Structure formats: C-alpha cells, structure tokens
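Protein chains in written order, with my numbering: chain C, 5 to 280; chain W, 603 to 955.
Read the hints as simulated data drawn from the structure, not as lab findings.
Keep in mind it's a predicted model, so treat the numbers as computed, not measured.
The hints are all genuine.
Not the full set, but computed from the structure, chain C residues with beta-carbon under 7 Å of chain W:
| id | residue |
| --- | --- |
| 1 | 179 |
| 2 | 180 |
| 3 | 182 |
| 4 | 183 |
| 5 | 185 |
| 6 | 186 |
| 7 | 187 |
| 8 | 188 |
| 9 | 189 |
| 10 | 190 |
| 11 | 193 |
| 12 | 201 |
For each residue, glycine too, the CB sits at the ideal point set by N, CA and C.
Next come the chains, spelled out residue by residue.
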Amino acid sequence: MPVSTSPERERRPGRPSAGRVPWPLLLPALLGLGFLVLPLVGLLVRAPWPTLGRRLLSAEVRDALVLSLTTATAATAVSLLLGVPLAWLLARTRFPGRRVVRALVTVPLVLPPVVGGVALLLVLGRNGLLGRYLYEWTGYSLPFTTAGVVVAQVFVAMPFLVVGVEGALRGTDRRYEEAAATLGASRWTVFRRVTLPMVAPGVLAGAVLCWSRALGEFGATIMFAGNFPGRTQTVPLAVYLAMQRSPEAAIVLSLVLLAVSVLVLVLLRDRWTGAP
Amino acid sequence: MTSGKAVLDAHLVVRRPGFGLDVRLRVGPGRVLALLGPNGAGKSTALRALAGLLPLSGGHVLVDGVDVTAEPAERRPVGVVFQDYLLFPHLSVVENVAFGPRCQGMPARRARRLALDLLAEMGLDGCAAARPRRLSGGQQQRVALARALAVRPRLLLLDEPLAALDAHTRVSVRAQLRRRLAAFAGATVLVTHDPLEAMVLADRVLVLEDGAAVQEGAPAEVARRPRTGYVARLVGVNLYRGRAAGTRVRLAGPPGAEAVLTVAEPREGEVFAAFPPRAVALYRDRPGGSPRNAWPLTVDGVEHFGDQVRVHLTGALEVSADITAAALAELALSPGLRVWAVVKATEVECYPA
Numbered sequence: 005m006p007v008s009t010s011p012e013r014e015r016r017p018g019r020p021s022a023g024r025v026p027w028p029l030l031l032p033a034l035l036g037l038g039f040l041v042l043p044l045v046g047l048l049v050r051a052p053w054p055t056l057g058r059r060l061l062s063a064e065v066r067d068a069l070v071l072s073l074t075t076a077t078a079a080t081a082v083s084l085l086l087g088v089p090l091a092w093l094l095a096r097t098r099f100p101g102r103r104v105v106r107a108l109v110t111v112p113l114v115l116p117p118v119v120g121g122v123a124l125l126l127v128l129g130r131n132g133l134l135g136r137y138l139y140e141w142t143g144y145s146l147p148f149t150t151a152g153v154v155v156a157q158v159f160v161a162m163p164f165l166v167v168g169v170e171g172a173l174r175g176t177d178r179r180y181e182e183a184a185a186t187l188g189a190s191r192w193t194v195f196r197r198v199t200l201p202m203v204a205p206g207v208l209a210g211a212v213l214c215w216s217r218a219l220g221e222f223g224a225t226i227m228f229a230g231n232f233p234g235r236t237q238t239v240p241l242a243v244y245l246a247m248q249r250s251p252e253a254a255i256v257l258s259l260v261l262l263a264v265s266v267l268v269l270v271l272l273r274d275r276w277t278g279a280p
Numbered sequence: 603m604t605s606g607k608a609v610l611d612a613h614l615v616v617r618r619p620g621f622g623l624d625v626r627l628r629v630g631p632g633r634v635l636a637l638l639g640p641n642g643a644g645k646s647t648a649l650r651a652l653a654g655l656l657p658l659s660g661g662h663v664l665v666d667g668v669d670v671t672a673e674p675a676e677r678r679p680v681g682v683v684f685q686d687y688l689l690f691p692h693l694s695v696v697e698n699v700a701f702g703p704r705c706q707g708m709p710a711r712r713a714r715r716l717a718l719d720l721l722a723e724m725g726l727d728g729c730a731a732a733r734p735r736r737l738s739g740g741q742q743q744r745v746a747l748a749r750a751l752a753v754r755p756r757l758l759l760l761d762e763p764l765a766a767l768d769a770h771t772r773v774s775v776r777a778q779l780r781r782r783l784a785a786f787a788g789a790t791v792l793v794t795h796d797p798l799e800a801m802v803l804a805d806r807v808l809v810l811e812d813g814a815a816v817q818e819g820a821p822a823e824v825a826r827r828p829r830t831g832y833v834a835r836l837v838g839v840n841l842y843r844g845r846a847a848g849t850r851v852r853l854a855g856p857p858g859a860e861a862v863l864t865v866a867e868p869r870e871g872e873v874f875a876a877f878p879p880r881a882v883a884l885y886r887d888r889p890g891g892s893p894r895n896a897w898p899l900t901v902d903g904v905e906h907f908g909d910q911v912r913v914h915l916t917g918a919l920e921v922s923a924d925i926t927a928a929a930l931a932e933l934a935l936s937p938g939l940r941v942w943a944v945v946k947a948t949e950v951e952c953y954p955a
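Only chain C is shown next, with the shape it has when bound in the complex (with noise of 0.2 Å):
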C-alpha cells in the first residue's frame, strides 16, 4: 500500500522526517533477514532439551568438544605468532611485490577450505613436496594427525588474523612511534612498547575471528587430517557424522557452536554491531 505521511500525525520535534523506507528494498530486506534467521530458530526449536545435559556430558560429545577447542585455541596462538610480524611487515615496511604479497595472503580467504586441505596434503603429505623430507628424516608425518587438525586451521584462520592486524595498524597514528624513536627506541622496542599496546584491541578481535573460524573449519581439516574420533575428529566433523546416524547428538554439537559464534558476537559488538 503506498502510503505518505499523514500531515496530522506528530512529528517529534527537531527530527526530520527521512521519509518512508521505499517497499523494494524493505521486502527483500525483510526476506534476507528471514532467510538468515530462520535456520537458527530451526536449530533451537528441534533441540532436544530434554535430554540436552546429559547428551552434551557424552564421551563423544566431550571429546570432540575438548579436541576443537584445543585445537583451534593452539591455532589461533600459532597465528598469532606469525600473523602479527605479518601483518607488521605488510603495514610498515616497503619492499618490492608487497601487493603481491598481500593478495597471496588472502587467497586462503576465498579459497574453498577443501582445495586448502589438497593443498596441504600436496606439500605437507608423506609424499609432498616438504612433507617428504619431514617423513626420511623425522619419522614423522603430518597428515592425519592432531597437529594436522591445527596446521589446516592455521592455513584457513590466519588470514582473517592478518587482514584484521593489518587495518589496525595502518589506522594507528604513526606519529606516536615516531615519537619513540626520537627518545632512542629501537624498531623492535618501538613495536613492543608503542606499536603493539597501541593495536592490542585490533590485535584482540583478530584472534577472536580467527579462533572462531578455526573452531569451525570442516573442508580442510578433513581432507588433511581425516576424521578420526578423539584424534582428529572436531565438532563440525563429528556434526557432520552424527547427521547421519542420530540427528539428536547432531543438533546438540550444533547448539554448541552456535552458542560459541554468539559468544564472539558478543566479545566483538563494539567493534561490528556496535556501529551507528
């Protein structure tokens, strides 16, 4: 019904009416809204509460529970470690290829986490092209092993870490470590003492998103590291498993994550929904 604003009707004032929210975009933003909505109301409405608690207190449950959270907490340390020298070199330092360099690392970004795991398997396998040096001289192989459940993350979840580090970075005024080294500061004590504590929020919310998208990584992490229970089996993995045997234990691994992504939603709303 197109309507206008009734001329009786109060306005409050000193606020300017910005007039009605034309009908196509409100109905597709209604439907899109909807859309995404929707399958979460689905999830809490086919939970079996009942049983809920002692479902979630399973073996299997807690197994896969404690294996993702190590793993992705181990991933996120792992990235943190080399995606903030990453992200420093990217943001500070001028050397030639660095857009190059930079595109390269957010190809893992859109990358189908799937390809990630071949990748991975290509070079870091028994055969690969490092992974088979790793095997003649260690013994060791990485594929389907519980460090190989952390190495896919790493490959999938640091970039969000870098891309995150680098934006906050090049918006810190630069003046400030200037400053620092008028007063004798080294580069390394610059960023130590100035660059980092300065970032440290930016630093924060990057390991949240990559910790969350590490706990949630399914294509890489079963393409690299399989699916086996207890070892490599994460949440996703073992959603993905349970579908098909008992949907119940599949719905409840599902709440668990959902709970977690609220979880993060919450420790990043200043930085996303907390915008105007």
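On the provided structure of chain C, position chain W as indicated by the hints.
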C-alpha cells in the same frame, strides 16, 4: 653568535615534488632559535629533518661537531616536543618520562627515579601515576618537555609547543617554558607561526618562507625591521619597499598613484620603510602645519582589539593605524570614508633592502 662552538650546525636540503627546503642553521650552547613562518613554509620539515625522521636530500647535521646526518632518529642526541605532545596513551605519566632512559639502557628503577625527579621539577609530582589524557593541556605540555629532557639531549626540538593550548593557559605555560629553556644547556630549535611565541622564547629568529630563510636576527630586530610582507603583517608593522633619494622615498605603488614617504635619515637606493600602526594619526580634514607624510586614504575596515582599534586604509598606499575607541567615536569612521593619515618622519624606520 660566535662562529666557534656551535652545538648545532646544520644545512638542511630537502627536495620534494612541488616543494624545496634549503636552510642553514647554527645554534650555540644554551641558545634558542625560533623558526618562524607561515604554514607550508617548511618549518616542520626542517624540524623533522633535524630529528632524523625525514631523510635529507643534501646538506648535513652536526651536533657538537659530530656528523649525525646518516644516523636514524633513535641514535641522535635529540629530544623532541611534538605539537600535540604524542604522550603514549597506554603508559602512565612517569612511564612516559622514563621511556627514553629505559631505551638508552638505564635500569628500570633508576629510570623511574629520574623520571620522578624531572616531574617534581616541573611541579607534576601529583600526577605521576595518571594516564596522560587525564591531564590538562598545560600539564601534558610539561610532561612532553620532561620526556624530551629525560634523554639528556644536546639538541632540543619544539614543534609549535603552545599551539595546542587555549589562549588563557598559553600565557602561563609560555612563561614557564621560557624559564626551562633558559636552564637548558644544549641548543634549542623551536618552530612556530606565532611571532609573540618566537619573541618571548627565542634569542634569535629565523623567518622561513617557501623553504628558504628570508630573514634572521634578534627578535627585536626582526620585529622593528621586517624584510617581507609576511613578517610585517605578523608583527603588525606597515612595511613598504621603495627607492630612496636623500630623505625622500618613492614607494613602488600602483602606477600613476605613487606615494612618497619622508624619512628622518637620508638614504640612497632600494630601501625598506616601516612604521608601526600606533605612529599613524587620523584626521577628517587636511591637518595644518604641513606635515610631510600626509595622505588622503579610504577607510577599508575597522577591527577592535580590547580598547584599541585598528583601522585599515587603502589608496596611494595601504596603511594600518591604531587609534583609541574614543578617537574612533570622535572621527565617526566607517568603511568608505576618506580621511587623512599622518606619520611623523622620525617614526619611519628606513633600512637598505
């Protein structure tokens, strides 16, 4: 300044597309040099080059005779007070001041002791544990100075040290800063666009315009005998350029309307002539007694400064005149009115161009 023992001896050449800086600086121990100039003149560029934050295209920087041209900022014996202070927001005040000594390898305890002593000297004992942003602008300025002095620099650089303060605080902070600078044994270079700041804080003033030094001298000398329109406007002096023949100076004005100034001391050739706005008297009718410097001019604008009034006049020459509010009322001046402006020959400063 003596040519012997300069703490700072620098020739700064910076070339960038659309901008060039080429200036020589010498500052002796305990001396304060002010770089005065309009925005974009290259003052901050010069300061950054001295600090080692900007590479030179040519020239050199010597501190106590040691060539530091190739040294990065962290290895120069320099302390910098930045325009908006740039106190580290994540560190407390005392940690900010101790930062430099810590970087120089001083043990934490001693660095802290030194920082607390410096803060006490600045009258800031109470806020050592506070975060910088909780401090007032004047306090932040003193913390920034303490932080710069904590590294025991030989060269102290101040970038618009009072610009971030409101007019009221500025006066008291300026007086304190003047005392601190007087106590500093090394050389100080301060950048400002405020002539008063330069006059109060510095022993010498170097005027920069378009990346080059246009005038250098003692503050009073620069104020009394400006050499460019910028400096003249800055110090509030009427400045003209012309050709002198005896005590008569023919001014380079618009053709057909050349004005002639009569001065007290005879000169020959190209000269500057300057007189302060307070030396100008205004009359509605041609004054009697035939004063030699009298011009009929048109009132262009009237500005109030407290109980003083500055009148801008145009015509054969542009003149600023300071009169009292009472005189303004008596003359009933308004824009467009024609009045007679009179200046005594003895009030006109005349010097070679």
